[in-house]
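Peer 1: Kindly generate the complete structure, drawing on both the sequences and the hints.
So the sequence shown is numbered by full-length UniProt numbering: it starts at 1 and just counts up by one.
These aren't lab readings, by the way, just hints derived from the structure by calculation.
It cannot be assumed that every hint is accurate.
[What the hints assert, rightly or not] EDC-like mimics (lysine to aspartate or glutamate), calculated; alpha carbons at most 16 Å apart, straight line:
no., residue 1, residue 2
1, K113, E73
2, K153, E209
3, K113, D24
4, K71, D61
5, K130, E211
6, K119, D96
7, K17, E107
8, K201, E211
9, K166, E209
10, K165, E209
11, K166, D96
12, K166, E73
13, K221, E211
14, K113, E23
15, K165, E211
16, K71, E38
17, K113, E138
18, K202, E138
19, K171, D190
20, K22, E138
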Amino acid sequence: MKILVIEDEIDLQQSIKESLVKEDYLVETASDYHSAIEKVFVYQYDCILLDIMLPHGSGLDILDELKQAGKTENIIIISARNSLDDKLKGLELGADDYLTKPFHLAELNARVKAVLRRKNLAGENGIAFKNTRLDISERLFFVNGQNISLNRKEFDILYYFLLNKKRLVTKTGLAEYVWGDNSDQADNLDFVYYQIKNLRKKLQDAQAEIEIESVYGIGYKLMEI
1 MKILVIEDEI
11 DLQQSIKESL
21 VKEDYLVETA
31 SDYHSAIEKV
41 FVYQYDCILL
51 DIMLPHGSGL
61 DILDELKQAG
71 KTENIIIISA
81 RNSLDDKLKG
91 LELGADDYLT
101 KPFHLAELNA
111 RVKAVLRRKN
121 LAGENGIAFK
131 NTRLDISERL
141 FFVNGQNISL
151 NRKEFDILYY
161 FLLNKKRLVT
171 KTGLAEYVWG
181 DNSDQADNLD
191 FVYYQIKNLR
201 KKLQDAQAEI
211 EIESVYGIGY
221 KLMEI
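Peer 2: Right, here's the structure in full:
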């Protein structure tokens, strides 16, 4: 799962990033309005942590642009401004939660998990499809109730497929989601193919009633067997 931290206080930004990485999230950062706008409109994120006061612009303006573009990201405002007007404006523009600085990182992590459950998983802790279930909180995968070991990348790939089951997932989109914007620097996407190959074998060996189909030259689809 992929999170963007938009925060200009570098020490706080790094503390948040380190805390979320320990929870096995893929975390990217932006420190000002312009770099934040570029990332939110180029890449896809499961959750965005957004400071209101940024160099060269406001986090509320970012929210407004996302709303106008119809992008329904999971957004938690993190701000030193404990203003009712700011909270109401942020929620009106589409923010899902508002956390006032200073805050405990454990509370932030809990808020992130709650937003993901509420928006992506309809309040549940996992996703079930046919005879499989992905437990998001514990990062476990089950086939017919039996735990199947997945590495971090395999888990994130399967999560992305389950969120987009029966829909086309491009190789580029999958690479950006699981490996982050650093995937743009890769000479090819062979690393995606190898992870998909390993995941397919695990699904087959476990007799999962789902499979990852290739769409020649474009990407993949997760389908039921």
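Peer 1: If a hint holds in the structure, say so; if it does not, say that too.
Peer 2: For each hint, the structure was consulted:
no., hint, result
1, K113 x E73, "14 Å, holds"
2, K153 x E209, "21 Å, violated"
3, K113 x D24, "12 Å, holds"
4, K71 x D61, "14 Å, holds"
5, K130 x E211, "11 Å, holds"
6, K119 x D96, "9 Å, holds"
7, K17 x E107, "14 Å, holds"
8, K201 x E211, "10 Å, holds"
9, K166 x E209, "13 Å, holds"
10, K165 x E209, "13 Å, holds"
11, K166 x D96, "28 Å, violated"
12, K166 x E73, "21 Å, violated"
13, K221 x E211, "8 Å, holds"
14, K113 x E23, "10 Å, holds"
15, K165 x E211, "10 Å, holds"
16, K71 x E38, "14 Å, holds"
17, K113 x E138, "11 Å, holds"
18, K202 x E138, "19 Å, violated"
19, K171 x D190, "10 Å, holds"
20, K22 x E138, "13 Å, holds"
Of the numbered hints listed earlier, those contradicted by the structure are 2, 11, 12, 18.
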